[in-house]
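Produce the complete structure using the sequences and hints provided.
Be aware that the first sequence starts at 0, since it is given in numbering that gives the first Met the number 0, and climbs by one per residue.
Think of the hints as simulated: they come from the structure by calculation, not from any bench. All residues carry an ideal CB built from backbone N, CA and C; glycine is no exception. What you were told as hints is all true, and nothing was included just to trick you.
Label-pair ranges, simulated between beta-carbon atoms: (1) LYS161 - LYS88: 18 to 28 Å; (2) GLY181 - GLY73: 38 to 48 Å; (3) CYS141 - GLU212: 19 to 29 Å; (4) LYS72 - GLN192: 16 to 26 Å.
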Amino acid sequence: MPKPRKRLAGAAGPTGPDNKGPAGKRTKTKNPVGTSATLGNSSPEKTSASKNCGKNLSSYWLMKSEPESRLEKGVDVKFSIEDLKAQPKQTACWDGVRNYQFTNGLCSGQCLHTSLGVLAKARNFLRAMQLGQEAFFYHSNCKEPGIAGLVKVDVQFVRMMKRYITLAELKTHYQAHKTTGGPLKNMALFTRQRLSVQPLTREEFDFILSLEEKEPS
DNA sequence: GCCAACGTTGGC
DNA sequence: GCCAACGTTGGC
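Pasting the structure below:
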C-alpha cells in the first residue's frame with residue numbers, strides 16, 4: 000500500500016547551483032525529430048516516428064546519473080556531466096549498459112548507471128531510445144539534484160544547461176501544473192520517480208528548456 | 001496470479 | 001543517515 004508522500008514541495012535549498020555557465024562548444028545538434036534513426040531495426044512498417052503526427056511518441060528523455068562519488072559493490076558510480084564531457088568524443092560508452100555487462104570491462108571504468116537493478120527497470124526505455132534523440136542529463140543523489148545539461152542519446156554531451164535547473168524548481172512547476180494542467184503535470188520524474196531513464200513529452204522538454212531563459216522561481 | 005516482504009532508489 | 005516510494009521476489 001503506497002502511502003501518500005508527505006514531504007512534497009519541500010524547501011528549495013538555498014545553496015547556489017555553482018554552475019559554470021554555458022560551455023562554449025556546441026556540437027551541431029539540429030537533429031530533426033522525424034528522422035527515425037532505426038538502430039539496426041529493419042522492420043519496414045514500424046518507423047515509430049511516422050505512427051501519428053509525432054505528438055506523443057517519446058523522442059525526449061531524462062537520464063539520471065550521480066555526480067558525487069559513491070561506492071557500490073566496490074565500484075565508484077560517480078558520473079557527472081563533467082565526466083561525460085571528459086570522455087573521448089565527449090561520448091560515454093553505453094554499450095556496457097545496454098548489454099547489462101556491468102563489470103570492470105566498461106570502457107573507462109565508469110558508467111552512467113549505478114546498478115544492474117536500475118538498468119533492468121529502465122530496460123524498456125533504453126530500448127526505446129534512438130540515436131540522436133535528445134535527453135536531459137540529470138544529477139541525482141547529490142546535494143542539489145537537477146538538470147545539468149543536454150545530451151544526445153547513446154550518449155554524447157551536447158551542452159550544459161544555461162543554468163542548472165534544480166529538482167526543487169521543477170517540483171514547483173510540477174505542483175502548479177497539476178492544478179493548472181500545465182506541461183509538467185505528469186512529469187515522470189515525479190510520477191515514476193525511480194525510473195533512471197524516463198521519457199519526456201515534447202511539451203515537457205520544451206517547457207524545461209524554456210526555463211533556462213528565466214530566473215529561477 | 002495475488003500480495004506481503006524485501007531491496008533499492010534517491011530526496012531530504 | 002533516514003525513510004518513503006516502488007520494483008522485484010517468492011510463498012502460497
